[in-house]
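Student: Chain by chain, the residues run as shown.
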Amino acid sequence: METDLVVVGGGPAGISAATAAAQEGVRVALVDEQPSLGGRLRGLLHEKRNSDGGGVWTNGSVLSARLDVEAQEAGVQILCGRGVWGIWSGWIVYLDGGDDSQIRARALILATGSTERSYVLPNWTLPGVLTAGAVQSLLHVYRVRPGDSAVMIGADASAVLVARELMLAGVRVSGVLLPPPGTPGGPSTGEAIQGLARFKGTAASLELDRVGQLLSSKTGVMSPADFPQSGLEAFDVPIMLRSAVTAIIGETHVTAVEVVDLTADGEPTGRPRTLDVDTVVLCAGLSPLCELSQMIGGRVAHIVELGGTVPIHSPDLEATVDGVFLAGSMIGLEDAAVALAQGRLAGLMACKRLGALRGTGATERLQRARDALAESRRGAIPFLPGASEGRRRVYELWRAAADDPKELYSG
Amino acid sequence: MTSRIEEHPVLGKAPPRRRLHFSFDGETIAAVEGDSIASALLANDIRLIRHARGGEPRGLFCGIGHCYECRVVVDGVPNCRACLLMVRDGMVVESAAGVNADGD
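Top line first, the protein sequences correspond to chains P and V. If you use the working numbering, the first sequence corresponds to residues 37 to 447, in order. If you use the working numbering, the second sequence corresponds to residues 1156 to 1259, in order.
One thing to keep in mind: the hints can contain errors.
[Claimed, not checked] Among the chain P residues that face chain V by a calculated CB cut under 7 angstroms, a handful are: (1) P71; (2) T151; (3) T167; (4) A170; (5) S173; (6) R179; (7) P182; (8) G183; (9) D184; (10) A205; (11) H289; (12) E400.
Hints in this document: simulated from the structure, not taken from any laboratory. Ideal Cβ positions, reconstructed from N, Cα and C, are used throughout, including at glycine.
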């Protein structure tokens, strides 16, 4: 099969990129491994504050269904249930899972998203241990409760959001707890407090705003010593940042976890106790997925402020490989609203590269997409505190590569 | 216990969906249209999907096709991911235990 543009990844970034390009008259194929479009957006459900101070629900499955319809109306060829296992220069995109296993295209947009990290603790492979993202899709896409009672391990934004989602679905949440002291990548009490306190004032999530306020004081951020041993409650969920889960217990599936209290210095104190739960939710954060970008020679950099190793890109979302554009959480872990805006900009940039961004107002459309991306960040949940500094460094690396043709790879 | 969410305070009532059936290790499993193999098994309180080479139990973990922990044999085809494959009426699903010679 032959087309003008292949978009890999059918989350918010990929769908919006494909739709924007198709609306400019370009032939677009959109490929995703999942059975339906939407990616992680489908699992989202949280409340944001509207102008009068009340709450309004952000419902990811409704949003992604709307995006799906828009893509179809724009004439995007949608290939779901197909994984991309390779991309050759030229470009040839290789698909698994059916006939018509090659697509030839003149430009590429990669929007492969991110994958969840894990915390490794005793019995973390038992059935009943799930990642936060798996729980979101079970609850909101498939509408299945993963159990009756859950504990969240890891005290980041997703732990708070998914805990409330479980409660809404009728699953009791025993608490948001830390991983065992010393777990690689796991936060200490102080780091967890710092990490959550900065969400105070976030209009995009009432849940995170509430937790942020609980952890803030007039003089700044609560100290670990002031954090109550019994926890603080937000939306009926106990936030227990002075307790850690030290082991998961069960034979064929989870039946309990072992919990220990922590001193203000993070040392285990007192006798470990067990908490009866049938579900454990690991909330260890996300890692950008940049394998396909690397496969085609795209350069990457490890930028902690963006969440890990990300493809080097320009402010206009160009990769270091000619004809390739990037969008979504693979280039930095940000809110779905940002991914949508990035997708539109990447879609228009790909059209420009193909000589297909024409007609009245083409320059203005491109500028509006840039402005909308900047605007999207003002209302977004700030998942990573240093993201703007991280982006500045990535743009510098891209400029350095662009100035030195040896560093740029032409597909 | 796992269970279906028929009524949700924000999402409302579950839409009516066509009933489907498939077999898992010989047992008939009731599913609804739109179920993945994994969601249907969970809705029936089946969380143990396969055993690893050393006999350790395994189930759904990442839910998006990355970890391959939920792999099963579907209509004789090994290494299918239960989280990505939608249920079809009459599908024969087997736990990967003992069948998947290269799996661990």
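Student: None of the hints should be skipped; say for each whether it holds.
Tutor: Status of each hint after checking the structure:
1. P71: Where the cut-off is 7 angstroms and the nearest Cβ of chain V is about 5 angstroms from P71/P, the hint holds.
2. T151: 5 angstroms, holds
3. T167: 5 angstroms, holds
4. A170: The hint holds - A170/P has a Cβ within 7 angstroms of chain V, the shortest such distance being about 3 angstroms.
5. S173: 5 angstroms, holds
6. R179: 4 angstroms, holds
7. P182: Holds, because the Cβ-Cβ distance from P182/P to chain V comes to roughly 6 angstroms (cut-off 7 angstroms).
8. G183: Hint holds; G183/P Cβ to chain V Cβ min 6 angstroms, cut 7 angstroms.
9. D184: Result: holds, 5 angstroms to nearest chain V Cβ.
10. A205: A205/P check passes; min Cβ-Cβ to chain V is 5 angstroms, inside 7 angstroms.
11. H289: Since the shortest Cβ distance to chain V is 5 angstroms, the answer is holds.
12. E400: It is violated, given that the least Cβ distance between E400/P and chain V is near 38 angstroms, above 7 angstroms.
In summary, the one numbered hint that this structure violates is 12.
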